[in-house]
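Hey, can you work out the whole structure from these sequences and the hints?
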Amino acid sequence: MTTQTRKRATRRWNPLSSIRAKMFLILLAMAGTSAAIGYAVTQAFEQVSADVHVLTEDKLPELELSGQMTAAAARTKDAMVAVMLAETPGSLDFAKSDVTAAVRALDGAVEQLPQVLRDEFKPDVVMVEEALEASIAARTVAFKNAAAVIAMMEQLQGLSSAMQVTLAEMADNAYSNLSKGGEQTMSAVDATLVDLVEVKFATLQSLLQARAEINLISGIALAIGETEDRAMQSILTDLAKASDGRLNDVIDILEVEAPGVVPIFAIRDAAAVLQKAVSRGRLQSNTLRQEVLSARLSSDTELSTAVDDMVFEVTLAAEDASDDSKKAIQGLLTNEVGFLNTLLEINTWISNFQVAALDVVTAQSIAQTRAAAEPMEQAAAALAEYKTFDDGRLATQLDEIITMAEPDQGLAIFRIASLTADADATKEANATANAVLQIASRASLLGSGSRGEIAYMATDIAVTVDEAHANIERLLMMAAGLLVMALLLTHWLVQRPLNAISRTTERLADGDLSPINGFDRTSDEIYRIAQALTVFRDGLVEKEALSKATEEERAAHQAQQTAAVTAIGNGLARLAQGDLSARITEELTEGYAQLQADFNLTVETLSRTVVDMVDVASSIRNGADEISQASDDLSRRTESQAATLEETAAALDELTASVKSAADGARAVEATTQDAKSEAVKNGSVVNSAVSAMTDIEESSKHIAQIIGVIDDIAFQTNLLALNAGVEAARAGDAGRGFAVVASEVRGLSQRTSEAAMEIKTLISESSKKVDYGVELVGKAGTALSDIVAQVGQISQQVSEIADGAASQSTGLHEINIGMSQLDQVTQQNAAMVEESTAASHMLRGDATKLAELVSNFTVAEDNAPAAAVETQQDGWDEDPDDWQMTG
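Per full-length UniProt numbering, the sequence shown runs over residues 1 to 888.
Since the hints were made in silico from the structure, they are not lab data.
Quick reminder that beta carbons are idealized off the backbone N, C-alpha and C, glycines included.
Be a bit skeptical, because a hint or two may be false.
Unchecked claim - Using C-beta positions, here's what the derived DEER-type ranges look like:
#: 1; residue 1: 515; residue 2: 553; range: 28 to 36 Å
#: 2; residue 1: 165; residue 2: 260; range: 25 to 33 Å
#: 3; residue 1: 88; residue 2: 237; range: 16 to 24 Å
#: 4; residue 1: 843; residue 2: 804; range: 58 to 66 Å
#: 5; residue 1: 618; residue 2: 553; range: 56 to 64 Å
#: 6; residue 1: 287; residue 2: 371; range: 21 to 29 Å
#: 7; residue 1: 597; residue 2: 536; range: 32 to 40 Å
#: 8; residue 1: 553; residue 2: 612; range: 48 to 56 Å
#: 9; residue 1: 367; residue 2: 88; range: 47 to 55 Å
#: 10; residue 1: 843; residue 2: 653; range: 33 to 41 Å
#: 11; residue 1: 172; residue 2: 287; range: 39 to 47 Å
Dropping the structure here:
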């Protein structure tokens, strides 16, 4: 096909004939108008910008810094309040972090101020930082000292509890010694001694303990009402609960053992009032505190009367008994009761020490703390005199308690340090508050001045903006007229030619290949576009002719490809139906000949493989039949052997259990005889101890007369201690009134003890005679027990020999039983393995049959293997699959 070539027509050059020149003139006019508007706007913006620059660079930063200074001062004040309100070291650390952040913010705000203002604010900020650091340090010291006070109070509570336990043990031992002495002389004295030792003295001890506990609880109740520290209130409450528990135990004992000695209901009412006061804590009213004092006074009166009555009863019982009984009873009374009196004095001083320590801890000023420390030091001095008591048994615990009263390292020095630190923290907090207020006041004045200047400048900026707005409106009207003129010229000179060339292009796109003309007098750009469209139209005409030739060539190639695909598809269809004799015999074009050869070769190889699989399946079938038969026989023999072993093991189990039972019985008999022998030996030792004890009693009775003088000295010292306790209780005022009553009673008791000591001498001689008679009787009992011990030993030896023999038999049978169990287990495992092997052989036989069934679906060529051979093999395998399935 030939291509037409056109000559480009020459046009006369005209500067205004192009769209570019027209658009340039329109844009130039609009640019001039925009420049005029821009100049007016620039002039207005320059004036406003100058004012805004002054506003943003000078006035607004001053106002912002004023607000930052005020906020930083407020944050610093809040951090200071958090420091003062912190109740634990953890909350103080949290408040300390707030203080650090607040001070950092305050320093940052000051650093942003001008140098003149910075020098004015800097001294106040330094004063705030120093005051906050001092306040935090003081609060830290206060917490450390408060923790030390609480730790020492907990230590005191622990020591007091331990001392109470130790004193109780010592009192129990003394009471036990008193009871033991009464039991040893029970055969020589009458019923008066039993009543005196087991009832009256126990009742007297319970009455004295009840008085001490009531005095302690009343002192704690009044101290709780005065203290403000929650930790100290918790410690005091724990002390009150522990003392209330001991008081209830004593009241229960009195109610059971001595119901008529003291009015129990009055004591319980007093205890209820004291417990109520303890539970109210700081909420105690004056009426309730008066009830506490009244309850303590009334209970003390009742208990004092009961103590006097009980002492009087003890005296009458001693006078009514025989002379021999009086000597024995008075000897016990002098030794053990004196010991109990000393324990009571120690307990009383410990209670005084606790009450004084509570006064120290709850004191709200240094003067009150030092005044409260004096009774604690006096109690510590009194306790120091008992370090050597009972061979120094209480020395370690007393030293720890006394250490708490030392002026340089005791409880008082830590409480004074805590109060001092709290006062320092309060002082520094006041200084911080004053400095923060000064900073906030100066920042407020700075902000007020900046706000006035900002308001004046805002008014000036508003006037300038109004003038600029009027100028811009006039220029915009001129620009609008110019824009309308530009739109009309653009439509006439540019848009109409563009629409024409656009319609021509759409016509060419729709397939209209008619010639393009009519654009010779348009602008240069439209003319060049029309020339380009003419060239494009000529190319489309030539391309249409080429397309027809290409379509004819593609149809011929498609026919060859369809023939090849049909032949290969037919061959694959026969192969899918199991026909391995299928071959492609059609003649294909050169491009598909290799594909035909590969298909035929693949089918030939697959046919030979199927024939080989028939032979392999027959061999697997025969081997599986032989393995299955052998596994069935071995399974039956293994099951029979396992049953026999199981019966044998069961019989051995029964025999082992019988022998073991016999051995256990022999061991039990041996243990019983050994216990009887040990008990007899122990009774012999008890008899010998009784003889020795009675001999010691006889010797001790000879020295009692010499001890009477020592008892008088002890009574005199007890009288002095009671007098000293009364003086210290009088110094304590109302809080020591209960202890004064106790001291008075102890003093009276010591005087009566001295008087009764003289009567003991007449009781000793008769007791010695009856002790001799008891020694003779106990000796005869010891001889009889020795004979019993010898006979029981012979019986124990014989039974032990029987038990050893039975145990040896049981061990041997147990080992045989273990061996049989292991053999039975191995046999069971073998039976399981045989069953698994049988199942596997039958499964192999079934798989071989299934393989033959699958292979029979294929049809092979006669030159590879006859199909009849495959069918014959298949006919030999047609049987019920249940024939080889294993049962039961």
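Evaluation of the provided hints:
1. Taken as a hint, the range 28 to 36 Å holds for the pair residue 515 and residue 553, whose Cβ atoms sit roughly 32 Å apart.
2. Between residue 165 and residue 260 the CB atoms are about 31 Å apart, so this pair conforms to the stated range of 25 to 33 Å.
3. Checked against the hint of 16 to 24 Å, the pair residue 88 and residue 237 passes, with Cβ atoms roughly 19 Å apart.
4. Under the hint 58 to 66 Å, the C-beta atoms of residue 843 and residue 804, about 59 Å apart, fit the expected range.
5. Between residue 618 and residue 553 the beta carbons are some 59 Å apart, a value that agrees with the proposed interval 56 to 64 Å.
6. In this structure, residue 287 and residue 371 meet the distance hint of 21 to 29 Å, their C-beta atoms being roughly 27 Å apart.
7. A hinted range of 32 to 40 Å for the beta carbons of residue 597 and residue 536 is inconsistent with their spacing of about 52 Å.
8. For residue 553 and residue 612, the hinted distance range of 48 to 56 Å is satisfied, since their beta carbons lie about 50 Å from each other.
9. At roughly 28 Å, the beta-carbon separation of residue 367 and residue 88 lies outside the given 47 to 55 Å, and the hint is violated.
10. Hint check: residue 843 to residue 653, Cβ distance near 39 Å, so the stated range 33 to 41 Å holds.
11. In this structure the hint that residue 172 and residue 287 lie 39 to 47 Å apart at CB holds, the actual value being about 41 Å.
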